[in-house]
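Position in the sequence shown (from 1) plus 2 gives the number in my numbering.
Worth double-checking, as some hints may not be accurate.
Unchecked claim - Distance windows between CB atoms, simulated:
(1) Met23 / Pro81: 27 to 35 Å
(2) Gly93 / Trp37: 35 to 43 Å
(3) Val60 / Glu39: 15 to 23 Å
(4) Gln94 / Ile50: 33 to 41 Å
(5) Ala74 / Phe13: 21 to 29 Å
Hints were generated in silico from the structure; no laboratory data involved.
Quick caveat: nothing in here was measured; it's all calculated off a predicted structure.
Don't be surprised by glycine CBs; every beta carbon is placed ideally from N, CA and C.
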Amino acid sequence: FPMMYGAVEIFSQVAMVSYAMSSWKCGSQLPWGNWGEDYYMTHCMDFIGVGRIGDFGVLGDNMCTGANCHDAWTGSFHPFKNVGVWMECWGQATVAI
Numbered sequence: 003f004p005m006m007y008g009a010v011e012i013f014s015q016v017a018m019v020s021y022a023m024s025s026w027k028c029g030s031q032l033p034w035g036n037w038g039e040d041y042y043m044t045h046c047m048d049f050i051g052v053g054r055i056g057d058f059g060v061l062g063d064n065m066c067t068g069a070n071c072h073d074a075w076t077g078s079f080h081p082f083k084n085v086g087v088w089m090e091c092w093g094q095a096t097v098a099i
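Put together the whole structure using the sequences plus the hints.
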């Protein structure tokens, strides 16, 4: 994946300190006006030199990698857009705990 995916983004404290200190560069030097937040953050963090780690196990995502609701090690599940479907997945995930 060439950029962050909008369902979940996780940043370290060091990354956020770098962003707090240098985000002005992104605002003044990147053409961000029509970008979504995930596209903006990907490009801004790259621009200010913050590295990336792809941890695709933290998100169970039916859009890309599949959502195994029985996996208690997954931190979040996406997309479950109505309460019933979300509750069903949550129930399966918490049974394993």
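Now for the hints, and whether the structure bears them out:
For the pair Met23 and Pro81, the beta carbons lie near 34 Å from each other, so the given range of 27 to 35 Å is met. The hint said 35 to 43 Å for the Cβ distance between Gly93 and Trp37, and at roughly 37 Å that hint holds. Taking the beta carbon of each, Val60 and Glu39 are about 18 Å apart, inside 15 to 23 Å as hinted. At about 40 Å, the beta-carbon gap between Gln94 and Ile50 stays in the expected band of 33 to 41 Å.
In this structure the hint that Ala74 and Phe13 lie 21 to 29 Å apart at CB holds, the actual value being about 24 Å.
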